[in-house]
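In order, the protein sequence lines correspond to chains A and B. Numbering of the first sequence is given in UniProt numbering, commencing with residue 1 and proceeding in unit increments. Numbering of the second sequence is given in UniProt numbering, commencing with residue 1 and proceeding in unit increments.
Warning: the hint list may mix true and false statements.
No copy is singled out in the list; a pair is fine if it fits within one copy or between any two copies.
[Claimed, not checked] Here are the simulated lysine-lysine pairs, BS3-like style, with alpha carbons at most 27 Å apart:
no.	residue 1	residue 2
1	K156	K62
2	K250	K156
3	K205	K156
4	K425	K156
5	K250	K172
6	K62	K172
7	K172	K205
8	K425	K172
Think of the hints as simulated: they come from the structure by calculation, not from any bench. Treat the numbers as computed from the prediction; the structure is a model and nothing was measured.
There are 2 protein chains.
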Amino acid sequence: MPQDIASTEKPDIQPVGYELDDLYTYLEDERLDAIEPARLSITSPYVVSQFLGRLDVDDRRKILRLIPLNIGTDIVAEMDAEDAADVLEAMREGRAVQILEDLDPDDSADIVAELEDDDQQRLLKAIDPETAATVRELIEYDQDSAGGIMTPEVAKVFTDMTVTEAVGMIQKLDEELEHIYYIYVVDHDDQLLGIVSMRDLVMAKGSDVIGDIMTTELRGIIPVDMDQEEVAHEMAEHNFHALPVVDENKRLIGIVTDDDIIDIIQEEATEDLQKMMGAGGDETLGDPIVESVRRRTPWLVVNLVSAFFAGGVIAMFEHQIHQLTILAVCMPIVASLGGNTGGQSLAVVIRSLALGDVHRGESRDVCLREGFKGLLNGVLIGIIAAAVIWAFTGEAIVGGVVLLAMILSMTYAGTVGAFIPIILKRMGLDPAQSSQMFLTASTDIVGFAVFLGLGAWLLL
Amino acid sequence: MPQDIASTEKPDIQPVGYELDDLYTYLEDERLDAIEPARLSITSPYVVSQFLGRLDVDDRRKILRLIPLNIGTDIVAEMDAEDAADVLEAMREGRAVQILEDLDPDDSADIVAELEDDDQQRLLKAIDPETAATVRELIEYDQDSAGGIMTPEVAKVFTDMTVTEAVGMIQKLDEELEHIYYIYVVDHDDQLLGIVSMRDLVMAKGSDVIGDIMTTELRGIIPVDMDQEEVAHEMAEHNFHALPVVDENKRLIGIVTDDDIIDIIQEEATEDLQKMMGAGGDETLGDPIVESVRRRTPWLVVNLVSAFFAGGVIAMFEHQIHQLTILAVCMPIVASLGGNTGGQSLAVVIRSLALGDVHRGESRDVCLREGFKGLLNGVLIGIIAAAVIWAFTGEAIVGGVVLLAMILSMTYAGTVGAFIPIILKRMGLDPAQSSQMFLTASTDIVGFAVFLGLGAWLLL
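Okay, chain A solo, but in the shape it has when bound (with noise of 0.2 Å):
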């Protein structure tokens, strides 16, 4: 009785399954075994993955198995594809092909590109033939392309059908259709005519014509190749839920949809930050310490090697330091000031390529205005540190060689800290890649050499 159910259950609005940190809890106290299944059954999906992502393999496959299959499947696709695959592995086969079934195709083919090679050959053999050919097809594509990331399950319709004939072929197709808002109209080869969304659908007449109804302007077609990062811009760019994925002959062969574009752009995010600062892109707290330190290393190692440079410039002045070692203890607050000023030019900088905001022919631009920039800054925090200077040592023309030092180091930092994303993106690499480190790297080496060449012509 629904009105019954109007006027008189009214449902608990509060989640009831366990927060996080109740689970993390379970595990520092090493109570693993009080966990509820019923609560756990009912927590949510995403919350129930993160916590996996901290188990060791024999814990996962105990807490999975407290869980119903269904529900094990959603947990399943919220997490990393890497430990997903870790997941199935140790999982009884039964199970893990029917969470591979269940999935949709894209996850399951993320999935299953992350098995050892004998696990993907026995579990494609397992699962239903329809799905693996899917899942074959879906590997094949670069796991960072719109070929990647699309899922090929996709709701087609033909210009001539009524709305009620269209409506009739969709509720014919799989139930578990992802994301069904578009319906795409094609012709017999599977060209792309039009657009029809799934409120259009409610809002029309049964006797509609879907050749009467779709939208023919059609924008934001995905070629199959395309970039992950580019098909997040166009997915922004043009506000859909979903874009078409088109195969090089024009033909429709799936969709890319918000929900994947939302952890691509945080995906981006991270990688872009810890790149710049020399870590992995894709590094997490969980990862092991030894695999963590072999992607640092490197960097430092880069790192270590500039710092010589900066180390030689000074080892150039060794004589005047030994005469006045008040040019010691200011040679690396010039230095700081320097790295710092060029780091402020070089988050905004990053940031707006990320964005896709620097254009043709404005690249001269951004670093003259960063330059200017650290120019204006540089005379003001000069100021500063030469009135501090003076007003300890007594000698106002130390303070003076620290001004002009800041003004032309500065200056120096905002443009080549707009500079180095630009080169490095120019030169096809990441725009983010360990920036900082150059940056630092150059803004010690100038702002030593102009410090100190200053001090010395103008202090001795």
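Starting from the structure of chain A, add chain B where the hints point.
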């Protein structure tokens, strides 16, 4: 004849509007008059909005006059609220009113909030009273809260309706109803009872009762005062296209949709990266130079203060540096490696905090692990550095002091790189805020002190 369309008229799939670079070329060549209205009208509104962002007020008006009003609305919707407000202030009132009425109410409210007070009152009086009331209500909410980003237009139905009745009710709603992917089932006090997706509606029979097909498992309900960053987390967690927003009495008052969330995630990523380096969180390359400098200067002053402390540490060892200038040559090498080692930890921890990956009771572990990574790299890099210095100076003991100083300072750097964002967050501040500056201040001071201290003790 739909069949004819299918067989003969394949619409051109290529976009035919301008690309952003085309428009910039007109701007550079100062030939804005040569822009063709017809092509501009079919250019992506996002592209036009990006372009307008770079123009001065007069040029913006000139360009907007070339475009039909309905497209003008799409373009204004894509602009920053601040830019859009500038544009509307400069526009003929009739046109501005039309745009404010056509926009989604949440977008209108964002723009109205940015208007000068008198323009705000003038335009709110001119637009239709119902929209004005909605906008007035929305601008009361904190712009960074769920209330500030939600749209108050929701499709509501009751449990005892049939699917046919519900569809009829939705069809009667405003044509412009944004993002209607879920229908919310409420009681007569607007308490949320369940959710029906558009897909459910299409899949159901007309005689089905809403109470029977609705989902009562209600997850991801957003309180109106939730911070937008947390809303983004909820959206990513639940993988829905829209989440319902409720007031303090749990009455359904709006929805947040995932296209708003994509913008927020991009904003937050920009903010993290730029704030980390001490630039403004929402600075863009287009900002006036003076404004940008004004936002960066205070952090450079903080940097200067900390650099003076580092200089003070060196000053304590002036006597030793005078005796042994190799100390001055090597001290920035130790400090540089410390800064960058800490930066790697800082980056990974900031992103982990942003993604909600650091949990109660884990902070100490995270700092210890990052410190251990610093230790390992300190040993590796320290050995290389010591060997090179030994080779260059012929003095094994100088190399040994560098090795020891690097191990200590890089262990410290890894630990403090993790500690800074965690403690900033615990203090209720942004974990990224100028953390790179705090980090290098601290690693400089410790690096200089450890190296010079060891050097003074072991070498003299």
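Structure-based check of each hint:
{"no.": "1", "hint": "K156 x K62", "in the structure": "neither (42 Å within a copy, 43 Å between copies)"}
{"no.": "2", "hint": "K250 x K156", "in the structure": "within (15 Å within a copy, 40 Å between copies)"}
{"no.": "3", "hint": "K205 x K156", "in the structure": "both (19 Å within a copy, 21 Å between copies)"}
{"no.": "4", "hint": "K425 x K156", "in the structure": "neither (39 Å within a copy, 49 Å between copies)"}
{"no.": "5", "hint": "K250 x K172", "in the structure": "within (26 Å within a copy, 38 Å between copies)"}
{"no.": "6", "hint": "K62 x K172", "in the structure": "neither (38 Å within a copy, 52 Å between copies)"}
{"no.": "7", "hint": "K172 x K205", "in the structure": "both (20 Å within a copy, 13 Å between copies)"}
{"no.": "8", "hint": "K425 x K172", "in the structure": "neither (48 Å within a copy, 51 Å between copies)"}
Consistency with the previously given hints fails for numbers 1, 4, 6 and 8, ordered from lowest to highest.
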